[in-house]
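Based on the sequences and whatever the hints tell you, model everything.
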Amino acid sequence: MQEQAKLALSSKGKAREDAHWQPGWWDFAHALDGTRRPLVWSKSSIIYTAHPSEPSVLARHFPSSRHFVLPSAPQIAASPANYEPPTVISISTNEDMLFAYFPGRGGNGAGCVWKRGIQLDNWQVRECWSFEQGAGAVTAAWTTTQREWTITESGSSARLPPRGPLTPLFSTILLLVTEDHCLSLCVLPPVAASLKVVKTSLLQAGVAQEAQSKDDSLPKTVGPNLCVAAAIYMGYNEPSLLIAMRSKILPPQRIHESTYTAMNLNMPLDINDVGPSYEVPLTPEWDLWGEDSMINLCEVRMSMKLVMKGVLARPLPPIPCPSHHLTDLQFISVPPSNEPHKAYLAASFLNFGDYTAAPKSELLLFSFTKRDAQPMNLYTPGWIPHHEARRVYDGKVLDFVLPSPSRDSLLVGLMNLGGSVPHLKRKTKGGSIGSMHILKLSDLSEDDAWDVAPIMSDMARTGRAVPANIALSPNRALLCSVAASTFLDSHIAIHALPRRRHDGGRPPTNSLLVDLPSLLITAIRSRSSPADVIHPLTSPAVPVQTAIDVLCEVLLYFNEEAPSLREVWTAEVLNVAGEVYLTKSRHAEGEEKEDLLARWKTIHDICSLSACSSAFALCGEGQIYDLSDIWHLVCFSTWFVEFLEGVLREAVLAGDESSLGMTGAQPRSASSTSTFVHLVHPYSLGRIRMILDHVKRFRKHIASLTAKGENAQIARDVLLDVIDCSGIDLDQISVVLGDVYESLRGANENDLRQTLLGGTPRPSLSNALRSAVEKIAGTGGINRARLFIKPGDLVDGVARLSLVDQHLKDKQRDVVSKGLLLHPAMGTVYPWAVLSIGVLGRGSGNSVVYVVALGGSYYTIPDFASGASLRFAVRGRSKGKLALPFLSS
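Residue numbers for the sequence shown follow our numbering, beginning at 23 and rising by one.
Source of the hints: derived by calculation from the structure; they are not laboratory data.
Hints are not guaranteed to be accurate.
DEER-style ranges, computed between Cβ atoms [what the hints assert, rightly or not]:
#: 1; residue 1: Thr174; residue 2: Asp480; range: 36 to 42 Å
#: 2; residue 1: Ile406; residue 2: Pro562; range: 50 to 56 Å
#: 3; residue 1: Ser66; residue 2: Arg429; range: 18 to 24 Å
#: 4; residue 1: Pro96; residue 2: Asp480; range: 53 to 59 Å
#: 5; residue 1: Ile646; residue 2: Gly708; range: 21 to 27 Å
Below 30 Å or equal to it, Euclidean Cα-Cα: the simulated BS3-like pairs (lysine-lysine) are [to be verified]:
#: 6; residue 1: Lys615; residue 2: Lys462
#: 7; residue 1: Lys797; residue 2: Lys812
#: 8; residue 1: Lys462; residue 2: Lys418
As the structure is a prediction and not an experimental result, all values here were calculated from the model.
Each residue gets a CB set at the ideal place from its N, CA and C atoms; glycine is no exception.
Pasting the structure below:
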């Protein structure tokens, strides 16, 4: 963009600079050939795009910005210089398959299909095949059997009908429109070693059937008329496909023939004396080269039989349109309603004129209706196209067109033709370079029910910030954009979408309460990542109470809609709440950060309690437990005992302060206050009681058995030591917690929701909390000496030496297995008084696996490093364990 600086002299004689930017036609050059970068935002909140200069696919997680690169196919990795960056990227609806097309550099292109593993960043190449020159992929789409969730006008959630033709449940079908105006159906069965391809022409009526594998079913069809843009329509409850194509006529590739005559080196210097032999012959074909003035249409029906798969193509009459540069071609699938079903096609154009100013924009809208009666001829299409509306933009440049978040209108992005650049010394470097609008499908007019959202950008990179490609987030809450491939960076920008207009007197933060709950409900129903929905809630400008209100409204909705599934939906909303607080804490400091982390930890512990309870229930049957997973159950038991000790410590301290009337006591920390949620909410306290019963039965079951091997003996000793040395009488504590649980009956439901999802007790539950801590503090089931003083604390007190690392006292555990994460520092010396070691069993390669007891906690070590100096001495306290006088690593 051009920047014009106007200098004005202030009254004090200092120069004041007002910088302005103005776009040129080159800022929209991505609308021309070959500079658009594909962009996809998946349901797992991973954004896929092309590398700016290499044939590879980049993936970036939102909002953590963690990134990875998909592995290259062998033929691309062997000769990466022969391929361009991918121009088409498409991911299946269930996210188990991803396709990318890599154009060739002077040769054949390559298409690659990846299959995802268990982890989000684990992708393996499944298929890779070649595309002939002039037959490369233009656009791609996947058939789906999944149905979308939405919130109706009455406020209830409902599933929309399936989109597109019905396909086999266990086969994934990839639809490809290629440059030779053909449609390829790539069938990927789950068992077959190779994919099957059915290819048919979209310019002439006909039937194509599956015959051979992919290598022989892609014929060479190279001509001067190439498809450069395409769109695929899959409607609701619609078995047929609609395909729109825009063509471009290229000059013929004459290898042995030249348009120019051979140069004569004896050509006279006077240009007027040049004879006819030096003139360049003009041909009428020159006027035909360039983009076609039509949009070709074709209706496709698929037959997906088990034995034979076929495709029926029925072309429609082409649609006349301007011969300017086509920038967007989008089908809009409108959800079914009482009105007759219609399909819409939006096409946007840019007219660059003589390339001396910003281009002119034009938007066309076409509708398609079904014939009243089925045609008698098999090759007669069932759709009839109509020109619906036209709109021209003179004062702005139309940059992108998308279906709106509501699915029944258009979302357009308009770029400004100028603006001011903030001074470099200002704190705010961003500014608006455009705006997003919602247009009605009836006449392309502005929809007054929606606000206008600005397109924000860092003004230091205004030229690069013009969106070259865009993608909606999985829950249609945000928009991401990427720069053109002419800029060698992978910067991805996130934009807020227009919102529905509400009461003018409503504060901006409270307006979130209207839109976000329905989006969050849809995200949870769809099993997609809610990262895009909760992104506004994680902003530092949004109060924590606003986030709690949104979460409570969502949980109340689920509880009223499906009372029998309260436990299921409570767990889902809790997961979202934990993500909100953890993300907000990354933007906070000081006491606010401590408070948010305490809320997150409390909710995280509640989720862990649910997982541990489920694990014990799956491994146990009555009083007997499956001992094949004994070490997992030991880890769960150890974590739970430590967790329960922490809750009881806070309760005992609070109970003592309450009974003594210590009004001058220091205020409790945020973590201590949040811990009390486990004592005043039935959801968390109920799970504590269930796990407590499991741990008691598990200990009784293990103690009654005779260990038949060293592994079982160590597991038995570890479990007994953890429980018996904890300072908690499980039987008495179980009775006290049962009394506390019964006292919570009749509590206010709204206060309980606010407490659970807020991660801290509400003031209205202070009486219930006081009663709970007094009961716990007055029970005789707690050995306070063992509860508050650990062996590691006693060792640290000797000469004020910290012989035990802090990370061993504040132990970090694996989120899933609850096993300890042990990373000892170099040169750390552990005292023999609190260290014991035993052989656990054999690991990989028949290596010895040791178990170490340190400060009352137990660790497994695969093997000691070679050369480690160890001295063993038999320790009489526990048979089978060895003491280490020292261990220096």
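Results for each hint:
1. One distance hint, 36 to 42 Å for the beta-carbon pair Thr174 and Asp480, holds here, with the actual separation near 40 Å.
2. For the pair Ile406 and Pro562, the supplied restraint of 50 to 56 Å holds, since their beta-carbon distance comes to about 54 Å.
3. At about 22 Å, the beta-carbon gap between Ser66 and Arg429 stays in the expected band of 18 to 24 Å.
4. Separation of Pro96 from Asp480 is about 40 Å and departs from the stated range, judged on CB atoms against 53 to 59 Å.
5. One distance hint, 21 to 27 Å for the beta-carbon pair Ile646 and Gly708, holds here, with the actual separation near 24 Å.
6. At roughly 44 Å between alpha-carbon atoms, Lys615 and Lys462 are farther apart than 30 Å, so this suggested pair is violated.
7. For the hint pairing Lys797 with Lys812, the CA-to-CA distance comes to about 24 Å; that is within 30 Å, so the pair holds.
8. At roughly 19 Å between alpha-carbon atoms, Lys462 and Lys418 fall within 30 Å of each other, so this suggested pair holds.
Hints 4, 6 from the list above are not met by this structure, while the remaining hints are.
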